[in-house]
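J.: Numbering-wise, the sequence shown is residues 1 to 177 according to my numbering.
Read the hints as simulated data drawn from the structure, not as lab findings. Glycine included, C-beta positions come from ideal geometry on N, C-alpha and C.
Here are the simulated distance ranges between beta carbons:
| # | residue 1 | residue 2 | range |
| --- | --- | --- | --- |
| 1 | 159 | 55 | 25 to 35 angstroms |
| 2 | 55 | 118 | 14 to 24 angstroms |
| 3 | 85 | 147 | 41 to 51 angstroms |
| 4 | 45 | 96 | 23 to 33 angstroms |
| 5 | 171 | 34 | 54 to 64 angstroms |
| 6 | 47 | 143 | 45 to 55 angstroms |
| 7 | 112 | 171 | 44 to 54 angstroms |
| 8 | 48 | 127 | 15 to 25 angstroms |
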Amino acid sequence: MKEDKAIEAGGEKPLEKAHPQKEEKPAEKREDLRQIVRLTETNLNGKKPVRQAIRNIKGVSFMFSNAISVVYKHPDKKLGALTETELKELEDIIINPQKYGIPEWLYNRRSDPATGQSGHLAVSKLTIRNKLDVDDLKKIRTYRGIRHGLGLPVRGQRTRSSFRKGKTVGVKRKKRG
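Could you build all of it, start to finish, from the sequences and the hints given here?
T.: What follows is the structure, encoded as structure tokens:
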């Protein structure tokens, strides 16, 4: 209303409040974050900090991730902001934790039955080793191997109502006669 009266009186239209626009950072200062980072055969979210992002790698648990972040120089840096050399160093820590002083009790392959050595496996090596272990159990006909072969629970769970694999058991009605 006031604007209309001011225009009729021959005045100019009052300036509208200008919204302050977001200032964009220059290209040199802006962090180049990669959205997806490929590390140890796994696609990881580049927006997350290193400590959190590496937990999506198969074979890296919460505790192992914390141990890596203690050893690694940049644990709170975003994964997408790391350089290639930093990524290679991080990958080396994950694959060879022995070299960096990570305690043996954090490894996922302690006292290997074949070699007696302790080590840490990740991604495809872990998957293959687990499959070979199950195949060995089946071959020597242990209880666990037999249960794996039959597709039944291995660790003592009850099977009355679980692990039915598509077979349903219901109550039948009496026929009316």
